[in-house]
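Asks: Take the sequences, apply the hints, and build the full model.
For the sequence shown, full-length UniProt numbering assigns the number 1 to the initial residue and increments by one for each residue that follows.
Every clue listed holds true.
Beta-carbon label-pair distances, calculated as ranges:
1. ALA293 / ASN118: 14 to 22 Å
2. TYR114 / LYS54: 17 to 25 Å
3. ASP62 / ASN118: 23 to 31 Å
4. LYS243 / ARG13: 45 to 53 Å
Honestly, the hints are just simulated from the structure, not real lab data.
C-beta: ideal position from N, C-alpha, C; glycine also.
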Amino acid sequence: MNSTNENQITPSRIMEVGMGFWASKTLLTAVKMGLFTHLAKGGLSGKEIQDKLKLHDRSLFDFLDTLVALGFLQRSGLKESAIYSNSEDSNLFLDKNKPSYMGGILEMSNNRLYPFWNDLEEALITGKPQNETKNGGKPIFEAIYADENKLREFIHGMSGVQAGNFMKLARDINFSKYNTLCDIGGSGADLSIQIAKSNPHIKCISFDLPAVEPIAKENVTRFDLNDRIEIHSGDFFVDELPKADVITMGNILHDWGTKDKLMLIKKAYNALPKEGALIIIENIIDNERNKNAFGLMMSLNMIIETDEGYDFTLSDFNNWAKEVGFSNTRMMHLTGPSSAIIAVK
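Replies: Take a look at the structure:
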């Protein structure tokens with residue numbers, strides 16, 4: 001029996017995850033170099049790619065063919081006779097010239113998170129962030145919001161990552177009995193735009209810090225929704241939240257510790273009318289804490305990036321919602337590892 005079991009057990013899963021950084025860094029490097037943006041204009045030979053990206057002869061085809069094997073590029077021919085083109089998902093999500101571009105989050109992962117995660121062990125031992133603050137830099141949000149270029153890249157990246165979730169939420173939740181919605185930490189107003197497009201009767205407020213306002217207004221104007229979406233500047237730690245029938249928070253709560261989570265949920269409760277709804281969008285960890293690996297790793301990322309932030313389960317949120325006064329909650333799956341929790345006052 002033992003011999004049979006040993007024959008069936010393989011180390012392939014251990015190798016796949018343990019050496020996963022090889023695949024990750026190959027993709028992140030290709031995104032940073034703009035490879036997929038170049039190929040969105042049409043297929044290119046290895047030599048043409050080499051010239052555009054200023055690559056060395058050595059490993060040129062190993063690099064490109066790795067991306068083929070991983071499914072991010074397609075190829076006809078071999079080596080010198082090969083023509084490379086984008087896969088369908090790379091073409092849609094990794095071309096910088098498309099509104100669906102989600103490479104901003106990958107660029108940030110390459111430039112910031114990748115080296116910081118090398119110190120995960122130290123984070124687990126000390127419980128302290130391992131990002132810029134470790135060497136006397138500003139906290140992540142303070143640093144991002146102080147630099148307009150960083151802020152634009154961050155907002156663009158976040159909007160690309162969340163686009164599918166926002167579209168599904170706007171389409172699948174019945175908003176017919178609500179007339180107003182306020183998105184807290186609304187960033188580029190992307191959630192408000194999707195809600196307004198799918199629900200013509202709703203007026204929205206996108207609430208965030210003053211530095212975000214010009215970027216959010218540009219986005220709203222581009223979709224010709226100025227009469228439906230108001231950009232409201234404020235600080236949710238200092239100000240009360242604008243009153244609305246629905247309040248949304250997309251990837252906001254996981255940035256903060258339990259005390260601040262409760263504070264934000266309480267502020268949302270106070271801003272809602274009876275029967276109003278608070279909608280939380282996060283990578284909700286399953287209650288058994290053994291299935292949503294991405295949600296759990298996102299919580300590890302909060303150790304790297306924040307002083308007290310962490311991701312949570314539906315059960316965790318239900319306890320906070322009950323403490324604040326919400327009458328009932330339900331969860332709906334969005335896309336990938338993301339879900340929405342709807343709490344009704």
